[in-house]
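Q: Listed below are the residues making up each chain.
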Amino acid sequence: GESVGLHLPTLSVQEGDNSIINCAYSNSASDYFIWYKQESGKGPQFIIDIRSNMDKRQGQRVTVLLNKTVKHLSLQIAATQPGDSAVYFCAEPRSLMDTGRRALTFGSGTRLQVQP
Amino acid sequence: DAGVIQSPRHEVTEMGQEVTLRCKPISGHDYLFWYRQTMMRGLELLIYFNNNVPIDDSGMPEDRFSAKMPNASFSTLKIQPSEPRDSAVYFCASSFGQGNTEAFFGQGTRLTVV
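Order-wise, the sequence lines are chains A and B.
Position in the first sequence (from 1) plus 29 gives the number in our numbering.
Position in the second sequence (from 1) plus 1 gives the number in our numbering.
Bear in mind the hints are in silico, worked out from the structure with no lab data behind them.
There's no promise every hint is true.
[To be verified] 27 Å max Cα-Cα, derived DSSO-like pairs, lysine-lysine:
| no. | chain 1 | residue 1 | chain 2 | residue 2 |
| --- | --- | --- | --- | --- |
| 1 | A | 100 | A | 85 |
| 2 | A | 71 | B | 69 |
| 3 | B | 25 | A | 71 |
| 4 | B | 25 | B | 69 |
| 5 | A | 85 | A | 97 |
| 6 | B | 69 | B | 79 |
| 7 | B | 79 | A | 71 |
| 8 | B | 79 | B | 25 |
With the sequences and hints as input, model every part of the structure.
A: Encoded structure:
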């Protein structure tokens, strides 16, 4: 779920290593999740998504794992590169009012720093 | 398509002035979202529209904030009067379909109220 705070958790990895970024969510009824990447000075950019009927989905160098039992989501980046340095957000659709429709709400994010 | 286009990219204004942020969504998208990003509160949803109609404005912080979408290709977020605590990056995003699809974000407008 969402959290509010001044300090983003930071993950520092060496270039070429694998990165794992974690996200916890609170709504057991959530059925769709997205990972976004935000580089400095830019808007969030879609990386990969997963629906709740899946527990794993792979993209190019990225894998998302979903554990519905513990309400946990992770993003794995293989062979991390300097260009992967950014803030990563997990997002899920929520209905904020009784409208029957939903909008993406975002977690607080994790900063990934890739050391050359 | 050029993606979601926001203007201006940067805005510096004095406290008390009116500020208008603009957004052009991706053509064909039927949902438009306004978000605000700050260090303290992260990325917050302010309001969103479906087919130009406001659906949920529960995230709008105060009556000083208002948003309109007069047609499918244009939306504005207005702050009147602006205050220093409104300083943030404001993002517009659009999607085809609600919630359970990818939203595409603009580059954002960095607002500084002095």
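Q: Confirm or reject each hint.
A: Hints, verified against the model:
1. A:100 x A:85: 14 Å, holds
2. A:71 x B:69: It holds: about 24 Å lies between the C-alpha atoms, which stays within 27 Å.
3. B:25 x A:71: Holds, because 16 Å separates the two Cα atoms, which is no more than 27 Å.
4. B:25 x B:69: Holds, at roughly 12 Å.
5. A:85 x A:97: 11 Å, holds
6. B:69 x B:79: 8 Å, holds
7. B:79 x A:71: Holds: residue 79 (chain B) and residue 71 (chain A) sit about 22 Å apart, inside 27 Å.
8. B:79 x B:25: Holds: residue 79 (chain B) and residue 25 (chain B) sit about 15 Å apart, inside 27 Å.
Taken one by one, the earlier hints all hold for this structure without exception.
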